[in-house]
Each structure stands twice: as structure tokens, then as C-alpha cells.
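Protein sequence lines, in the order shown, are assigned to chains B and H.
If you use the numbering used here, the first sequence corresponds to residues 1 to 247, in order.
If you use the numbering used here, the second sequence corresponds to residues 248 to 361, in order.
Treat the hints as calculated values from the structure; they're not laboratory data.
Please note that a few of the clues may not be correct.
Claimed, not checked - A few chain B residues that face chain H, going by a derived Cβ cut-off under 10 Å, partial list only: (1) 12; (2) 38; (3) 67; (4) 69; (5) 76.
In this text, all values refer to a predicted model and were calculated from it rather than measured experimentally.
Beta carbons: idealized from backbone N, C-alpha and C, even for Gly.
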Amino acid sequence: MTRGRSVTALIGLVLLVGGLAWGATGLYGFGHYHASYGRIVAHASVPDRSATNSVVVTAFDYRAFDTLGEEFILFVSVVGVLVLLRRLRGESGRDEENVAEEDRRASESTRWIGLAAAGPLVVVTVYIVVHGQLTPGGGFQGGVILMSAIAFVAVGGESMVLLRLRRTSRWVEMAESAGAAGFAMIGFGGLIAAGVFFQNFLPKGTSGLLTGGVIPLANIAVGLEVGGALLMVIAELFDQRLRGRRL
Amino acid sequence: MSVYPYIVAAWLLGAGLYGVMSSRNYVHLIICLTVMQASTYVLLLSVGYVSHGKAPIFADIPTNSTVVDPVVQALTLTDVVVEATVVALLLALVVQANKRFNTVDPDAMTRMRE
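Using the sequences and the hints, build the whole thing.
What follows is the structure in C-alpha cells.
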């Protein structure tokens, strides 16, 4: 490290440690948390929304506006990745040859395990997303599980699938955009039907999957967006890997 | 009252920060950044913990039981997603920087720019 960097690091460290110590004096003791907002939200979710998972109710209903901001962070950063990793001039593709080489590296057993795990993982994705308002899960988790299904395919050496995914990335892009737009539309639906942005305007139901009003819809929208966004990032990074080998 | 969860959070932050400061490789640096982020999960979840509280999911517990705070858990969810996107963006930057400078060492990259 250079001298300038050390000095900067020292100043930063002093400020950080001071800030942490100052902040720690205001902490609740572990297990002694007694702010009422969380308690009210937790105990309102069942009588008020007929949904048992109060974390998802908080994220997609009471604090849905915050989640909208988070959605757009995800969206914008994926756009950033795509812009950064775009095909530069002079980087032409002989993708098939590289893919074939890539595929030869996987053994028969990893290939079978990878492919065998992918199908059940897609089923788990759907289960996690549609039960989001009832049991642990939801759109974010489902989207990430969907991405791991694709990762299993790649580990199994079926790189051709990923290449094809990149070629048809328009569909993935559309799924992602539809998810982001759908979540915003749910907000506007509340504005139109009840006069308040992100007001839960659908009937809350009593039991089963169709409870919580707009929450199941929000879960599906977010699942689409997160799944699509991560698939695009994986496909782009994979594409870089193929190009990197050539250089 | 126990302070151990907070100590774990501070330790994760410190360990990650040391890694970020001393790193000679951008990929390693980004992994250290995720360690730092992990400290915020530990902090958020331990702030919201209520003694003998259960998970705030009423699928299999009575609706009047003591539960931990769901708001910090939703915040943690946000945190995880933001971390994932930040890591993706940073890794994309590293890929491009490696193409341009043919190195992933921060110091070497600085020297090359001068």
C-alpha cells in the first residue's frame, strides 16, 4: 500500500470505529427489542390480510413501496451489467466450437446429476413462489432458486443450453421487464381502485393459495423479475467465459 | 442480555474490511465485500430478535404468540438482493477491466494508468 492509501485508510478506520461505538450505545439488548411497529405488523397480517407469512406481507403489502425501489435497483443494475459486457468490436464469435469444447470437460455423471436436478428445482421454484404469503418463501427466493436450476444445467456441461438462452435472451428480458412493470402496475391498481398507491385492493380470501389480496400477484411478478434478471446476468457472464478462452 | 450477536456482526465487518483493504485481486476484493455485507444481515436479524420469539410466520403457531420483528427480516431480504446485484455489477466491471489492463490487481492497475 502506498503512503496516501494508508493515511486514507487510517482516517476511515477511526471514523468507522468511532461511528460503530457511538451506534452500539443506542442498540437494544439482544432479545429486548420492543419497537411497536414490527409487533403491530406481525399481528395484523393474519386478521387483516389472511396471510400467515408476515415477512412477505411486510415486503409486498405494508412496505411495498420500498420493495418497488429495490426492484428498480435490480433492474438498473442488470441493465448496467448488460451495457458493460456488450460485445465489443473485434470480438467475433465462434461460439459453437468453444461450447463443444466446454461440454467435453464435464463427466457423464456430473452431466446426469446436473440435468436430473434441474427439473425438480423448477418445480420447487413454482411451489416457493405461489406459497409465498403462507409459508417461508416468496418471489425473491423463487427467482434465485430458478437461477440455480440453470446453474445446475451449466455445471452438467450442457453449455449449449446456456448459449441458446443467450440467443433467446429477448424472452428472458421480456419476462424480467414484465415482472418489474407488473409489480409497478399492482401499485397503480391500488391507486386506481382504492385511491392509495400500493393499497391492497383485491379480496383477501380466507384460506389456501388465493389469500392476501395482491400479495400472490406481487410474488409472481417479483419472481419473474428476479429469475429473469439473474438468468441474464449468468448468461452474459457465461458468454464472457467463452470469449475469454479465445483470447 | 447478551452482546455476542453484535460482536459477530462487528467481527464480520472488520474481517471483510481488512480483506478489502489488503486485497491484491479484484475478485477476492468483491468476495470480501460480501463478507462485510453479511455483517449487516447478522446485525439486522439480531436487532429484531425478541427473547423466546418464534419466526413471524403464523402457518403453524397461534396468532397471538410472541414473534420476532418481521420488518427487519424484510429489510434483510432487500439487503440480500441489493448485494447480489452489486456483486454482479462489480464482477462485470472486473471482466472489462481485465480485458483492458490484462490484470485484476488494483495496485498494478493504478500503476498502469499513470
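Checked hints:
1. A hinted interface residue such as residue 12/B counts as satisfied when its beta carbon comes closer than 10 Å to some beta carbon of chain H; here the least separation is about 9 Å, so the hint holds.
2. The closest approach between the C-beta of residue 38/B and any C-beta of chain H is roughly 3 Å, which is under the 10 Å cut-off, so the hint is satisfied.
3. Below 10 Å, beta-carbon pairs count as interface contacts, and residue 67/B has one with chain H at about 7 Å; its hint therefore holds.
4. Using the Cβ-Cβ criterion of 10 Å, the hint placing residue 69/B at the interface with chain H is satisfied: the shortest such distance is roughly 9 Å.
5. Given hint, residue 76/B at the interface with chain H, holds; its Cβ is 8 Å from that chain's nearest Cβ, closer than 10 Å.
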